[in-house]
Amino acid sequence: MTPANRSAYWRANLKVLAACMIVWFLCSYVFGILLVEQLNGITVGGFKLGFWFAQQGSIYVFVVLIFVYAWLMNRIDQKYDVHEQDR
Amino acid sequence: MELKALTYLVVGATFALYIGIAFWSRALNTGDFYIASKGVSPVANGMATAADWMSAASFISMAGLIAFLGYDGSVYLMGWTGGYVLLALFLAPYLRKFGKFTVPEFIGERYYSKTARIVAVICLIFVSFTYVAGQMRGVGIVFSRFLEVEVTVGLLVGMGVVFVYAVLGGMKGITYTQVAQYCVLIFAYTVPAVFIAIAITGNPVPQIAFGSEITGTGDSLLGKVDDIVTTLGFNEYTSGTKSKTDVFCITLALMVGTAGLPHVIVRFFTVPKVRDARLSAGYALLFIAILYTTAPAVGAMARYNLANTILPGEVGAGTGNLLYEDRPGWMKNWERTGLISFVDRNGDGRIQYYNDRNPAFADTADRYGWRGSELSVDNDIMVLANPEIAGLPNWVIALVAAGGIAAALSTAAGLLLVISAAVSHDLVKGIFVPGISEKAELLTGRIAAAFAILVAGYLGFDPPGWVAQVVAFAFGLAAASLFPVILLGIFFKRINKQGAIAGMLTGLLFTYGYIEYFKGLFLKWAGSPWGEDVATEWLFGISPEGIGVVGMLLNFVVAIGVSYATAPPPERIQELVEHIRVPRG
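Going line by line, the protein sequences match chains A and B. So for the first sequence, numbering that gives the first Met the number 0 puts the first residue at 0; every next one is plus one. So for the second sequence, numbering that gives the first Met the number 0 puts the first residue at 0; every next one is plus one.
A few of these clues could be false.
Unchecked claim - Result set (DSS-like, lysine-lysine): computed pairs, CA atoms no more than 27 Å apart in a straight line: (1) A:K14 - B:K96; (2) B:K492 - A:K14; (3) A:K78 - B:K37; (4) B:K113 - B:K37; (5) B:K492 - B:K99; (6) B:K96 - B:K492; (7) A:K78 - B:K96; (8) B:K37 - B:K96; (9) B:K96 - B:K113; (10) B:K96 - B:K331; (11) B:K99 - B:K113; (12) B:K492 - B:K113; (13) B:K3 - B:K99; (14) B:K113 - B:K438; (15) A:K78 - B:K492.
Unchecked claim - Selected chain A positions facing chain B (Cβ under 10 Å, derived; list incomplete): (16) N12; (17) E36; (18) F46; (19) I65.
Stated by the list, open to error - Quick list of the computed label-pair ranges, beta carbon to beta carbon: (20) A:D80 - B:D218: 26 to 32 Å; (21) A:V22 - B:V42: 20 to 26 Å; (22) A:M0 - B:R493: 19 to 25 Å; (23) A:K14 - B:D218: 45 to 51 Å; (24) B:G540 - A:D80: 46 to 52 Å; (25) A:A7 - B:D218: 55 to 61 Å; (26) A:T42 - B:G526: 49 to 55 Å; (27) B:E437 - A:W9: 24 to 30 Å; (28) B:R583 - A:K14: 17 to 23 Å; (29) A:M0 - B:G540: 46 to 52 Å; (30) B:G19 - A:V67: 51 to 57 Å; (31) A:K14 - B:G38: 29 to 35 Å; (32) A:M0 - B:W529: 41 to 47 Å; (33) B:P569 - A:W9: 18 to 24 Å.
Bear in mind the hints are in silico, worked out from the structure with no lab data behind them. C-beta atoms are modelled at their ideal positions from N, C-alpha and C, and glycine is treated no differently.
The task is simple: from the sequences and hints, build the whole structure.
If you want it as structure tokens, here you go:
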């Protein structure tokens, strides 16, 4: 693997991380904490929305987020040909 | 069958299962003992991580804690799950690529320094022992509550079982035992929750029942709970009382702390590939989320049940509250354990339960003729009494006992293993006797595990005053010491050993000092805590539970600052970092 290729792979990796961190921060800190009162004004499915994000929604998003991350990284690994071979 | 006999039978059967699994998967070499020879499938590792992670506190106490805290309890829900995102994105795949046995080993090699490794071992032992003492106590308490034996006897039995499978099986034995323990504990947790959800809302899924209407009324569960608790002088269930800054910092400290806990990190060393490590973190969180999204539903339903049981009539009407004579069977049963107790302060023979610490509510209570809240309720009862409240058969109660014990044992075993690995691999092999043979190292590991169990057992038997501060301490410390240097080690090539050591020590000492100052840990003999533990005294309004965030920031700043002021790390370390950043090559 060339150094240029290596740093391109790493940049692609960091982009995925940045995107995931934004989602992570939004669903918990922004929706569940910082904007909780505003969102509590909206009711969805019997829940005040801010409260729902704090006690349910953020957790669902975290789970999906890790699987999406794993999927995206597998694709990037393939693209840069650094994926692990099956043994 | 009688409940006690049934409980013995179910708990005994699970013990036989754990020991059988441990024997079948016993460790044959150090690779087995430390990291199960990297042969664990991502799904199995996910379950094992979930059992490792969810302690007696998650299983027994969390739902009750949330039932009483309401929205403020969200810090635990988000904090103890969001950390897995950090773990999956920033640590697990790279540490798996590094491919060695322990967390201090990574720190020692990345920072080309035995000192850094020793500092990491100290942080690890500090964090893990604090945590394990609480677990052993939990084992003893669960035993004593369900099997009606002394806490000490329960503790000894628990130590014996952990001894057999941790010492014999090492990481390999622990992993497969934890898979079985996960199945036991999640089944035991969700079955009563489903039946209670049906009883209250008619919907069998607790996560949906949480937002549903109460059967036969037009009221939503959460709306009703908000109404009831506010008429009793408590704050609204769905709103918080803590400051936003503090909620933010506690959540972040718990998340980062979770990602920095050595017994959790090391679980991702056991899978075959880097991509398995990423996927496995997803499975781990999925399995954890099943319990963590059920818990707040159980909390809200329990709060509703309790209020509804005690106050069948109108608030403030003389006959609105339940007659003590007419209390339900579960209340009678749990009164014997002291988890729930009643004192008739106003002598009317009825149970009044309200917030007698709310000055704004004092006049109202006085008008009602109430003379103080008459019921004290332990958090733990919200889960423990659930099967009886839902009218479930005895075998479910026995299963909840087995689930609580599984939760405590699996966490204790995981912690004991990282402690023993830190001693045998990092200290003995890494520092003092580098030439030690494989066989001798394995034996050392087993002796260290046995010794750790004895110390943990002692701490559980005679807990020092600081066990209660475990949460603030273990998480704050992991957040402020280990997490930043591991992260920097992977993402910043320029960080050198001087920076890492200075950063770890700064984070460790600052966080420890702050908690000692406000909570009092080891220096009680010297007069700590010195500060009054109230919001007006705290630094930036951050409580000791959340201060790990500041410790973490200091660690980052110091590590980066010192690194740039000193020589860059050698060429081979930069190559090591390049190497761990890519899955292959």
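Structure-based check of each hint:
1. A:K14 - B:K96: 20 Å, holds
2. B:K492 - A:K14: OK: K492 of chain B and K14 of chain A at ~18 Å, within 27 Å.
3. A:K78 - B:K37: Satisfied, since the Cα-Cα distance of roughly 26 Å is no more than 27 Å.
4. B:K113 - B:K37: 26 Å, holds
5. B:K492 - B:K99: Holds, at roughly 20 Å.
6. B:K96 - B:K492: Measuring from Cα to Cα gives roughly 16 Å; hence the hint holds.
7. A:K78 - B:K96: 19 Å, holds
8. B:K37 - B:K96: 11 Å, holds
9. B:K96 - B:K113: Distance of about 21 Å is within 27 Å: holds.
10. B:K96 - B:K331: 56 Å, violated
11. B:K99 - B:K113: Holds - the C-alpha atoms of K113 of chain B and K99 of chain B are around 16 Å apart, at most 27 Å.
12. B:K492 - B:K113: Holds, at about 19 Å.
13. B:K3 - B:K99: Distance ~46 Å between K3 of chain B and K99 of chain B Cα, so the pair is violated.
14. B:K113 - B:K438: 23 Å, holds
15. A:K78 - B:K492: 24 Å, holds
16. N12: Constraint on N12 of chain A satisfied, holds at 8 Å.
17. E36: 8 Å, holds
18. F46: 4 Å, holds
19. I65: Status holds, d = 4 Å.
20. A:D80 - B:D218: 26 to 32 Å: 59 Å, violated
21. A:V22 - B:V42: 20 to 26 Å: 24 Å, holds
22. A:M0 - B:R493: 19 to 25 Å: Distance hint for M0 of chain A, R493 of chain B holds at roughly 22 Å.
23. A:K14 - B:D218: 45 to 51 Å: Holds, at about 47 Å.
24. B:G540 - A:D80: 46 to 52 Å: 51 Å, holds
25. A:A7 - B:D218: 55 to 61 Å: Holds: the Cβ-Cβ distance is about 58 Å, inside 55 to 61 Å.
26. A:T42 - B:G526: 49 to 55 Å: 51 Å, holds
27. B:E437 - A:W9: 24 to 30 Å: 36 Å, violated
28. B:R583 - A:K14: 17 to 23 Å: 20 Å, holds
29. A:M0 - B:G540: 46 to 52 Å: 49 Å, holds
30. B:G19 - A:V67: 51 to 57 Å: Since the Cβ atoms of G19 of chain B and V67 of chain A sit about 38 Å apart, the hinted range of 51 to 57 Å is violated.
31. A:K14 - B:G38: 29 to 35 Å: 33 Å, holds
32. A:M0 - B:W529: 41 to 47 Å: The hinted range 41 to 47 Å is violated for M0 of chain A and W529 of chain B, with Cβ atoms some 56 Å apart.
33. B:P569 - A:W9: 18 to 24 Å: 21 Å, holds
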